[in-house]
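Q: Here is how the chains run, residue by residue.
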Amino acid sequence: MLRVHHSMESAAPASCEQTEKAKKYDRQLRLWGDHGQSLLEIGHVCLINASATGTETLKSLVLPGLGAVTIIDDAKVAHQDTGNNFFVDLASIGRPRGEVALRLLLELNPEVRGTFVDQPLQEILDNQPEFFTPFTCVIATCLPESTLLTLSKVLWDAKIPLVVVRSYGMIGYIRIQIEEHTVIESHPDNEIPDLRLDRPFSALEKYMDSLDLDAMDDKEHSHVPYVVILYKFLQKWNQEHGAPPKNYKEKKLFIQLVKTGMREKESGENEENFDEAVKAVNTSLLPTSIPSGVQTLLNEAANITPSPTTKPFWIMARALHEFVSSEGRGVLPVRGTIPDMTADSEKYIKIQSLYRDQAAQDADWVLRRVQEHSQQLGPRKVMPSLENDVKNFCKNAHALRVIKGKPIVEEYKGSINLSEIGAHLENPESDLVWYVMLRAVDQFHSEFRAYPGYFQDQVETDIVRLKVCVNRLLADWGCGPIVKDDFIHEMCRYGASEVHSVAAYIGGCAAQEVIKIITAQYVPINNTHIYNAIAATSGTFML
Amino acid sequence: MTVAVAMAVEWGARWVEVRKLLERPGPFTHPDFEPSPDTLKMMQENIRVLVIGAGGLGCELLKDLALMGFTNLHVVDMDTIDLSNLNRQFLFRKKDIGRPKAEVAAEFINQRIQDCHVTHYYNKIQDFDDEFYRSFHLVVCGLDSIVARRWINGMLLSLLCYEDGMLDQSSVIPLVDGGTEGFKGNARVILPGLTSCIECTLDLFPPQINFPLCTIAHTPRLPEHCIEWVRLLLWPKENPFSEEMPIDGDDPHHLSWIFEKAQKRAAEFGITGVTYRLTQGVVKRIIPAVASTNAVIAAACCTEVFKLATSACTPMNNYCVFNDSDGIYTYTYEQEKKEDCVACSQVPQELLVSPSDKLQDIIAILTDSLRYQMKKPGLQAMVDGKTKSLYLHSPASIEEKLRPNLKKTVEELGLRDGIEIAVADVTSPSTVLFKVKLKK
Amino acid sequence: MIKLFSMKNQKKDGSDAPKQGSQKRASAAQLRITKDINELTLPKTCDTEFPDPDDLLTFKLIICPDEGFYRGGRFVFSFKVGPNYPHEPPKVKCETMVYHPNIDLEGNVCLNILREDWKPVLTINSIVYGLQYLFLEPNPEDPLNKEAAEVLQNNRRLFEQNVVKSMKGGYIGNVYFDRCLK
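Chains as they are written, first to last, in the UniProt record's numbering: chain H, 1 to 543; chain R, 1 to 440; chain D, 1 to 182.
Simulated from the structure, these hints should not be mistaken for laboratory data.
Be aware that a few hints might be false.
[Unchecked claim] If you anchor each label on the Cβ, the simulated ranges turn out as follows:
hint : chain 1 : residue 1 : chain 2 : residue 2 : range
1    : R       : 13        : H       : 110       : 31 to 37 Å
2    : D       : 158       : R       : 80        : 55 to 61 Å
3    : D       : 158       : H       : 211       : 29 to 35 Å
4    : H       : 110       : R       : 131       : 39 to 45 Å
5    : R       : 131       : D       : 55        : 25 to 31 Å
6    : H       : 239       : R       : 375       : 43 to 49 Å
7    : H       : 279       : R       : 375       : 38 to 44 Å
8    : R       : 411       : D       : 52        : 19 to 25 Å
9    : H       : 219       : D       : 78        : 29 to 35 Å
10   : D       : 119       : H       : 110       : 46 to 52 Å
11   : H       : 291       : R       : 170       : 53 to 59 Å
12   : R       : 275       : D       : 155       : 40 to 46 Å
[Claimed, not checked] Just a few of them, taken from the derived set where beta-carbon distance is under 8 Å, the chain H residues facing chain R:
hint : residue
13   : 59
14   : 86
15   : 340
16   : 480
17   : 482
18   : 498
19   : 502
20   : 505
21   : 522
22   : 538
[Unchecked claim] Computed list of lysine-lysine pairs in DSS-like fashion (alpha-carbon distance at most 25 Å, straight line):
hint : chain 1 : residue 1 : chain 2 : residue 2
23   : R       : 284       : H       : 23
24   : H       : 413       : H       : 350
25   : R       : 376       : D       : 146
26   : R       : 376       : R       : 408
27   : H       : 350       : D       : 146
28   : D       : 24        : R       : 237
29   : R       : 388       : D       : 24
30   : D       : 24        : R       : 437
31   : H       : 350       : H       : 159
32   : H       : 23        : R       : 95
33   : R       : 237       : R       : 358
34   : R       : 439       : R       : 358
Computed from a prediction, not measured in an experiment: that's the story for all the values here.
C-beta atoms are modelled at their ideal positions from N, C-alpha and C, and glycine is treated no differently.
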């Protein structure tokens with residue numbers, strides 16, 4: 001029989017037609033969404049020095065569609081670049097490395113624009129520090145200590161994020177310098193559901209009270225979402241105990257109580273929804289509370305007087321604080337999403353919509369506060385997506401993150417975080433020792449104009465000299481000479497070599513940190529990351 | 001300066017970064033390490049590395065290996081290039097869409113990196129025999145398929161040689177395996193027969209998400225339930241394109257049809273959130289992927305290949321997980337070998353038989369000898385790459401069919417020297433392998 | 001620690017042209033299914049049919065319940081075990097059209113261990129027992145065939161009559177069932 005298939009004749013409806021860009025970026029759009037992508041596409045990143053680590057970092061920014069790149073590099077392509085850098089080739093030996101790398105990088109993605117500058121960085125810093133203002137973020141590598149410190153100061157003052165990357169033998173290093181970074185969508189991996197069983201809002205209460213477990217037939221009874229079961233038995237529990245179960249012992253008793261409600265099935269199996277309820281006791285009965293990190297930022301917001309320069313994040317945080325201290329009676333707006341539960345469609349969707357409606361109502365309250373603050377500030381910026389932004393802000397209120405950074409200059413000149421250093425140096429497993437080594441080789445370089453072990457015939461003498469640098473550094477920090485000679489030997493063995501696989505690893509990590517900074521999604525490190533390719537381990541330190 | 005000398009200087013200068021690691025002693029090298037310029041020479045003239053997969057990880061691996069100084073690389077991949085690969089598979093361009101990944105990747109590397117020679121195979125890994133795999137010193141995997149991982153794991157285990165039950169270490173071909181999913185990834189080193197293998201740790205792979213059919217059919221509550229309803233129940237019933245045509249996740253007509261029907265179903269139940277992107281994700285079981293994670297995991301794998309090949313550092317022991325969604329997190333630990341692993345606990349035992357022995361005699365050896373003391377062994381042989389059931393105790397239907405084999409001789413059953421027989425018995429948690437050895 | 005293996009030895013060049021892979025060892029999935037099948041203990045109401053005894057990955061299971069609603073019927077299930085067994089469950093379909101709350105008219109079977117609750121420690125035996133159980137205790141609360149489930153829930157006698165009628169061959173509502181009595 002011939003069947004006529006309408007969908008074959010008619011073209012796909014408009015809603016299905018994906019743009020080519022959406023298709024190309026599909027796999028990453030599932031991580032940071034179209035809004036994250038838009039931010040990436042207006043991002044402009046500057047790379048200082050197109051070494052292997054530098055180009056590997058840019059590679060993972062060009063591929064996902066960063067808006068534009070600028071490379072500053074006054075080096076010429078040398079033979080050794082062709083042995084560790086994918087973005088140079090043999091034909092380009094002797095040509096400006098920034099130009100070659102830019103051409104070969106841009107070839108990866110026609111949507112990315114780029115320029116290169118082959119002026120020495122020091123000249124730019126001396127003569128035109130405003131050069132950096134257009135950049136969303138600056139990545140720097142292969143800089144001597146003094147230049148790095150100048151750069152770090154210029155960018156800190158200009159409030160431009162700086163990401164320092166480095167591959168030194170088998171050791172990798174990433175340092176992020178950012179004054180303040182706020183994240184609304186931190187995408188936590190494991191979330192505790194926001195069910196408000198300890199303080200149900202009135203619509204939820206009304207609905208829950210309208211249900212009667214005992215009056216349900218078996219089918220309905222075994223398809224009640226577990227949130228209802230928990231609610232009902234919590235009421236029962238509270239009548240007896242006055243407050244929800246708190247400790248392990250009480251929770252165990254509560255579980256027993258829930259189990260008494262389970263009906264015997266002909267098959268002898270448990271009702272699945274009751275099993276789920278029992279499993280959920282640990283997470284779903286936690287008192288509704290504000291995570292400490294969020295509380296800290298609300299406290300900060302409480303002290304803000306909104307001004308025309310206040311970032312939208314802080315205006316929303318201020319409004320959120322006002323919500324918590326009035327309408328919200330001490331807690332955050334309802335999140336509005338609930339976990340999946342075994343249930344019949346009707347009840348689950350009804351309950352889902354109760355939470356969603358309450359979330360919308362709470363977000364609306366916050367929105368009105370944000371609007372009031374904005375109006376007081378005059379008719380300046382109109383946030384076109386304000387309503388959505390506030391909704392998103394409230395939905396993520398429990399996971400908001402603020403990172404307060406520290407300038408690199410401070411770390412180098414006197415106020416390094418000594419408690420972190422001390423604690424880690426005592427731990428033989430900690431990779432912080434490699435940070436000490438990197439700092440020591442920089443001091444060595446300032447003193448001797450070359451890295452230890454750079455020349456084959458000086459490895460042995462450099463070991464002795466580097467040891468002096470290490471001990472001096474530790475003495476400055478008031479730490480004992482607790483670094484084993486092995487690390488000093490190993491550093492001299494490296495002789496500042498930049499090995500490709502370490503550069504590629506650091507490049508990948510650093511690129512993602514830059515994407516986090518640009519998209520304001522997920523959480524960047526604060527502030528130093530050390531990769532140890534010898535043992536395939538790593539550590540992040542707040543220095 | 002003569003040309004030859006100039007070349008040598010350039011060559012020396014080109015690899016100066018890795019040469020420092022290879023030509024200098026250090027406190028963290030493998031005990032076998034001898035600093036020498038010969039190591040780089042060996043990497044370039046001798047060592048053959050096989051890269052499996054030319055996708056997100058594979059492209060990175062080829063680049064990384066080539067720039068660590070390996071020159072003799074081989075890559076196998078059965079896939080062709082798709083537009084959605086271009087956000088991370090950096091050796092491919094729009095003009096390459098539709099071409100074999102292995103071919104384009106090899107072309108690009110060979111053109112960019114002088115003296116590197118990548119040989120490509122537009123094939124399934126199953127297309128090659130043991131001789132092919134034995135010709136490599138190291139295998140690196142960048143795969144998204146569990147089946148393919150299990151296959152190559154089994155292949156490398158089957159290449160192990162034992163003498164008097166002792167592993168001949170020269171038959172070990174290390175397997176370095178990487179995997180990524182969004183911002184998560186893992187890298188591991190497997191020394192077949194010595195450390196935990198893919199099969200030992202099968203539980204580490206996330207199980208496929210399957211929703212109950214009854215939920216899909218009658219009580220949906222998630223947008224995914226609606227999409228699965230169309231995919232599993234409505235499609236085979238309506239056959240919208242033609243009888244028996246399976247869903248092609250790459251055909252926009254198919255996806256549009258599924259999307260529309262799923263939307264309609266969602267509306268009936270008041271479910272929100274069915275989007276085209278979600279539909280595509282569910283139907284094609286799409287795993288999110290981003291350039292950075294692939295770069296990191298491939299680099300970690302390449303570092304391990306470098307260590308294994310040169311001993312310039314001790315290899316990772318043996319499993320590392322990575323996640324950079326909140327900061328940068330890694331955890332490296334020793335994944336332990338499973339004592340009763342169906343794959344790597346196998347030390348094929350010799351089964352000494354004469355061509356005139358009957359199958360029942362072999363079974364008698366297995367049940368009666370003090371060494372085995374099996375109860376009801378079931379035997380299946382591998383003959384010419386195909387399984388051949390010799391005898392099974394159950395179920396009755398198959399036992400009846402195979403019973404005549406009991407009276408057949410080793411010769412009649414086609415059991416030649418070296419053929420492997422898998423023996424299953426209640427006395428052992430997993431099937432045991434025997435290798436036929438004919439009495440002279 | 002490990003030695004350098006044969007790293008420094010010259011390896012023989014494998015022929016670069018692909019040869020038809022003659023896999024010399026059975027796959028892990030194969031080894032596992034061999035054990036599952038050799039240790040299958042079928043209840044007396046069940047039987048199997050292997051079209052090719054060398055291929056243990058494709059077979060049929062025949063269930064002839066001797067008690068319950070479906071006493072006297074004969075139901076055929078097809079099993080397909082994939083290369084990712086036991087990481088993934090086998091694909092099981094009911095080839096006999098049956099009036100059953102948990103089996104739809106296309107042969108889809110709603111049994112938890114075939115989908116959401118599958119675990120690699122489960123075996124073919126577990127599935128056989130699960131399927132057999134389905135005929136003894138049809139579950140109307142989580143149905144696939146909603147009509148049948150509603151009848152079972154509201155009128156057990158009518159349900160029983162319908163089952164008998166369907167097994168003899170005949171219409172239930174406007175659906176025709178082929179005869180499947182033993």
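Q: Under the constraints set out in the numbered hints, which ones does this structure not fulfil?
A: 6, 16, 17, 24, 25, 28, 31, 33
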